[in-house]
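Enquirer: Dock chain Y against chain R, hints included.
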Amino acid sequence: MPQEVTKLIHKYLRRDKKFPHVWCPGCGNGVVLGSLIRAIDRLGLTKDEVVLASGIGCSGRMPVYVDFNTLHTTHGRVLTFATGIKLAKPSMTVITVMGDGDATAIGGNHFIHAARRNLNLTAIIINNQIYGMTGGQFSPTTPYGSKAATAPYGHIEHAFSIAELAVTAGAAFVGRGTVFHVQLLDRLIEAAVMKRGFSVVEVVSNCHIQFGRRNEMGNPVTMMEWMRDHAVTVGRAGEMSPEELDGKFTIGILIDEEKPVYTEEYDRIRERAGGSDPAGDL
Amino acid sequence: MNTPLSEKRRLVQGNEAIAEGALAAGCRFFAGYPITPASEISEVLSSRLPQVGGSFIQMEDEIASMGAIIGASIAGMKAMTATSGPGFSLMQENLGFACITETPCVVVNVMRGGGSTGLPTCPGQGDVMQAKWGTHGDHPIIVLAVSSVADCFEITIQAFNLSEKYRVPVVILSDEVVSHTRETVVFPSPWDMEIVDRTGPSVPPEWYVPYEDNSIGVPDMATLGEGYRYHITGLIHDERGFPTQRPEEIEAFTGRLFRKLAQGLHEIQKIKTFMMNDAEVAVIAYGSVSRAARSAVLEARDRGVRAGMLQLITLFPFPEHLVDNVLKQCSKVVVPEMNMGQIYREVQRVNQGKTRVEKYSRIDGQFITPDEILGKLLPEE
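Chains R and Y, in that order, give the protein sequences. Note that the numbering used here has the first sequence beginning at 105, numbered continuously upward. Note that the numbering used here has the second sequence beginning at 6, numbered continuously upward.
Isolated chain R, as found in the complex (with noise of 0.2 Å):
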């Protein structure tokens, strides 16, 4: 296993110009890389076809890591400009990283309806439920009464459920995922990748420096730990009762559902305009 890891390192990273990286020890944010990098590999994409975008804060640094076309936007723009990179380039697979403050709350409005809209994108969203690069500001995911860098009196917000509001926004695929279940995590991504439509994975990851230490979690493990605690599949969920399953969050599949693509929409569009074919000379 560990040189199949090395291999695939080798295979997909810039190793000779871009590290070390810049994440703490026992960041989640690696295990979300590994795990999309397998995806990427298993999937058989060349790298000339990927790219990688994400917005501003930990999670956006993620691109520079690894040899794809990668990009590196504007706090929770990053929807906007894949959005522009699809239907300039439809053949590529757009997949963008962003954290919980990056994707909900900058970057609400955008995500929400690039989740309506439904192009043939990938949004990774890692909830670490701070905002770790400034230094531990409470987000739109921060736990009401946890504390944070802003809120040292304890959260009097109730937090967003990523997943759940990408379904309510309208998006064909969407799945949580924690970086303390892996192979699950490896599954949704690359289902999420594959998926055809806009594809959500939320993924539970851990920032024991700027919550954990905050929440009596300051190490690594203890965050690992609480995820696998508190985490419930989709299926058992569906068997226990609403007191089993409060202070709970669910993983696996939220939903999956077939939904006319923006792009074969606009194609149809084009027809109609008595357009030429994208691909033609103009």
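If you're looking for bench data, these hints aren't it; they were derived computationally from the structure. Cβ atoms here follow ideal geometry from the backbone N, Cα and C, with glycine treated the same way. Be careful, since some hints might not be right.
Ranges of calculated distance between the beta carbons of each label pair, as one might list FRET restraints [stated by the list, open to error]:
{"#": "1", "chain 1": "Y", "residue 1": "Asp329", "chain 2": "R", "residue 2": "His114", "range": "56 to 62 Å"}
{"#": "2", "chain 1": "R", "residue 1": "Gly378", "chain 2": "Y", "residue 2": "Gly120", "range": "39 to 45 Å"}
{"#": "3", "chain 1": "R", "residue 1": "Asp360", "chain 2": "Y", "residue 2": "Gly142", "range": "41 to 47 Å"}
{"#": "4", "chain 1": "Y", "residue 1": "Thr204", "chain 2": "R", "residue 2": "Arg119", "range": "27 to 33 Å"}
{"#": "5", "chain 1": "R", "residue 1": "Thr238", "chain 2": "Y", "residue 2": "Met345", "range": "18 to 24 Å"}
{"#": "6", "chain 1": "R", "residue 1": "Asp360", "chain 2": "Y", "residue 2": "Gly120", "range": "46 to 52 Å"}
{"#": "7", "chain 1": "Y", "residue 1": "Glu231", "chain 2": "R", "residue 2": "Glu369", "range": "23 to 29 Å"}
{"#": "8", "chain 1": "Y", "residue 1": "Thr204", "chain 2": "R", "residue 2": "Leu112", "range": "31 to 37 Å"}
{"#": "9", "chain 1": "R", "residue 1": "Lys121", "chain 2": "Y", "residue 2": "Pro209", "range": "16 to 22 Å"}
{"#": "10", "chain 1": "R", "residue 1": "Glu362", "chain 2": "Y", "residue 2": "Glu254", "range": "47 to 53 Å"}
{"#": "11", "chain 1": "R", "residue 1": "Asp145", "chain 2": "Y", "residue 2": "Glu254", "range": "45 to 51 Å"}
{"#": "12", "chain 1": "Y", "residue 1": "Thr204", "chain 2": "R", "residue 2": "Thr254", "range": "43 to 49 Å"}
{"#": "13", "chain 1": "Y", "residue 1": "Ser207", "chain 2": "R", "residue 2": "Asp120", "range": "20 to 26 Å"}
{"#": "14", "chain 1": "Y", "residue 1": "Gly205", "chain 2": "R", "residue 2": "Gly342", "range": "51 to 57 Å"}
Expert: This is chain Y only, laid out in the frame that chain R set:
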């Protein structure tokens, strides 16, 4: 409306001419958000782009519109958005990203009157300085002003050409008067138009250095997905595109961004002169106001005053030397604007006491008339 340009001579609206100019320039992607007085550009392109194999998308806001056109441009398409003041404010963040990543794109701002929501159906010229300085940090940008429906077509093509050649966003400032005026325009044949495309890499991918300096300071731009994998970031980056904190690399990067425009001023800075040969007094104007100024100059000549006009098409980089020539030639220069004097201050900065420069501001949402400018050109009693 909304039909291909099958005949060369047509009665069209300014906004429609901007849309057609974009198509003629090779624009195949437009993202926008509804806003008065720019919406017709979206409407026309929602109809026209799919006819020519392009893409139109209406986004959730202007932030998203700007992001989408940058994404499309990185993926190889010529791309444009159009808006008015409030939307232009929202675009500033991603406009800066385009400046720093050197992504060609064209942004049309059909100026309305006033600040904030302002006067959505009235003309104004209050966004001139915002077009130059609206996004944070030092950055190069080109700003062009249109004054007629014919301009809307031709200058939009020039905007794309400059944007592609210099890898810089180009802002087109129109205003409510220009954009909603209908005029007969003689459209040139496609083969009479000069269309410039960005320069792609001439080396194989393994030799490609995405932000490598060269004699013109404009790196070759690879299209996403064609084998030239590289990193694009709004962080200040080295010539490989990776973030850097090294002072010598930061300075070289920012220096090159400004040098590439400085080296191209001869073709970036566009002006028109009217009756300037023997002029003793001059108007410096841009946009719709230059049309009133033209009438005022003719009227002044009828009354024996040697008047002339310098019409600025390029507002930024500010054409200092061309303005300076007028300041040296004339005993008085009038700068009429539908704002509190934004270009007037630029003219004053160049003037340095050489001659008398007067501003004429209208900020009541009304167009400046020829008579008002004439009043400033005639000798005082």
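Enquirer: Is 18 to 24 Å right for how far apart the beta carbons of threonine 238/R and methionine 345/Y are?
Expert: violated, 38 Å
Enquirer: CB of glutamate 231/Y to CB of glutamate 369/R, is that within 23 to 29 Å?
Expert: holds, 26 Å
Enquirer: Starting from the range 20 to 26 Å, see whether the pair serine 207/Y and aspartate 120/R falls in it by beta-carbon distance.
Expert: Cβ of serine 207/Y to Cβ of aspartate 120/R: about 25 Å, so the range 20 to 26 Å holds.
Enquirer: Does the Cβ pair threonine 204/Y, arginine 119/R satisfy 27 to 33 Å?
Expert: For threonine 204/Y and arginine 119/R the Cβ distance comes to about 31 Å; the hint holds.
Enquirer: Does the beta carbon distance between aspartate 145/R and glutamate 254/Y stay inside 45 to 51 Å, or does it fall outside?
Expert: violated, 33 Å
Enquirer: Measuring from beta carbon to beta carbon, are aspartate 360/R and glycine 120/Y in 46 to 52 Å?
Expert: holds, 49 Å
Enquirer: Could you check the hint for me, namely that lysine 121/R and proline 209/Y are 16 to 22 Å apart, CB to CB?
Expert: holds, 19 Å
Enquirer: Do the Cβ positions of glycine 205/Y and glycine 342/R conform to the proposed distance bound of 51 to 57 Å?
Expert: Distance hint for glycine 205/Y, glycine 342/R holds at roughly 54 Å.
Enquirer: Go ahead and decide if the range 56 to 62 Å is satisfied by the Cβ distance of aspartate 329/Y to histidine 114/R.
Expert: Distance hint for aspartate 329/Y, histidine 114/R holds at roughly 60 Å.
Enquirer: Taking the CB of threonine 204/Y and the CB of leucine 112/R, does the distance hold inside 31 to 37 Å?
Expert: holds, 36 Å
Enquirer: Is the distance from the Cβ of glutamate 362/R to the Cβ of glutamate 254/Y consistent with 47 to 53 Å?
Expert: Holds - the Cβ-Cβ distance for glutamate 362/R and glutamate 254/Y, about 49 Å, lies within 47 to 53 Å.
Enquirer: Falls inside 43 to 49 Å, the C-beta gap from threonine 204/Y to threonine 254/R?
Expert: Distance hint for threonine 204/Y, threonine 254/R holds at roughly 47 Å.
Consistency with the previously given hints fails for numbers 5 and 11, ordered from lowest to highest.
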